[in-house]
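Colleague: Each chain, written out:
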Amino acid sequence: MDWYRGRPHHIQYKWHEGFIAWVFHRITGLLLILYLFLHEWVISTLQNPAGFQKAMAALENPVFKLLEVGLWLVASYHAINGLRVILVNFAGAAERENYQGNVWIFWVIFAIVFVAGAIPMLMQV
Amino acid sequence: MMYMRGFIDRYQGSGKGGDLSWLLQRVSGVALLVLLLGHFFIEHFTGAPVDYQHVAARLASPLWKVFDLTFVVFALYHGINGIFMNIEDYVHSGWRVFWKGFFWVVGILYLVLAAITILPFKG
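Those sequence lines, one after another, are chains B and H. Its first residue numbered 1, the first sequence is counted upward by one per residue in this note's numbering. Its first residue numbered 1, the second sequence is counted upward by one per residue in this note's numbering.
This is chain B alone, in the form it adopts within the complex (with noise of 0.2 angstroms):
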């Protein structure tokens, strides 16, 4: 298995903020299939009415309420950094006038739909 040596795959990382977003995409991605193993495994509970309940109780946790909250924060972020990285490929907006530009709304747009999914979140609790 030696025929892939010497291809240039050793690429060289610069600290921009595209790089930033994109790392944060693929830790966010990771962070979000692992969840939903989890989340189906609990969810296939439901075939035991008194395991469901089980598994919800300790779900109603203060902890579990914080990690709920962090779950939208990854959610959140890597939908809307997602939609960014369709419209840098198909809308032309890695154009170098407008591709940092593009980066720094996009944190803007997912700040503002974070705290306004938050909020109704943490008045349940």
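Just to be clear, a hint being listed does not mean it is correct.
Under the rule of at most 25 angstroms between Cα atoms (straight-line distance), these lysine-lysine pairs were calculated in the DSS-like manner [said to hold, decoys possible]: (1) H/Lys65 x H/Lys122; (2) B/Lys65 x B/Lys54; (3) B/Lys54 x H/Lys65; (4) B/Lys54 x H/Lys100.
If you want the footprint, here are the derived chain B segments under chain H, 3+ residues with CB under 8 angstroms [as the list claims (entries may be wrong)]: (5) 24 to 38; (6) 48 to 57; (7) 76 to 83; (8) 109 to 119.
Heads up, incomplete: computed chain B residues facing chain H, CB under 8 angstroms, no partners named [stated by the list, open to error]: (9) Ile43; (10) Ser44; (11) Leu66.
Hints were generated in silico from the structure; no laboratory data involved. Every residue gets a Cβ at the ideal spot worked out from N, C-alpha and C, and that includes glycine.
Got chain B sorted already, so can you dock chain H onto it with the hints?
Modeller: Just chain H now, with coordinates in the frame of chain B:
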């Protein structure tokens, strides 16, 4: 072994013949945004508690079965395709085949778990 090259390369990375999976990642991403908004609204804005009674009633309805199955299929596809992209970027040895195979199995198992949780559920 040269005749195997085309076959092997198909499974190596998005740089080779991965344009369809790249496009489907965008398509499934947009679909997930819509589905997630629906899911999020139901869980946090309708005021109903997330207990067995409410979740079971929702899961017993055919329309929600369709919604939830669509959601989980797109989410598993998008998530595991994302894992594949990570494998393609960071694993450059024979382990790539192992990890891709491993997550194929994990994906199919979770698809089966979703199907047997959602489809026969009567409440």
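Colleague: Work down the list of hints and note, for each, if the structure agrees.
Modeller: Verification of the supplied hints:
| no. | hint | verdict |
| --- | --- | --- |
| 1 | H/Lys65 x H/Lys122 | holds (11 angstroms) |
| 2 | B/Lys65 x B/Lys54 | holds (16 angstroms) |
| 3 | B/Lys54 x H/Lys65 | holds (23 angstroms) |
| 4 | B/Lys54 x H/Lys100 | violated (35 angstroms) |
| 5 | 24 to 38 | holds (count 7) |
| 6 | 48 to 57 | holds (count 4) |
| 7 | 76 to 83 | holds (count 3) |
| 8 | 109 to 119 | violated (count 1) |
| 9 | Ile43 | holds (6 angstroms) |
| 10 | Ser44 | holds (4 angstroms) |
| 11 | Leu66 | violated (15 angstroms) |
Checked against the numbered hints above, the structure breaks hints 4, 8 and 11 and satisfies the rest.
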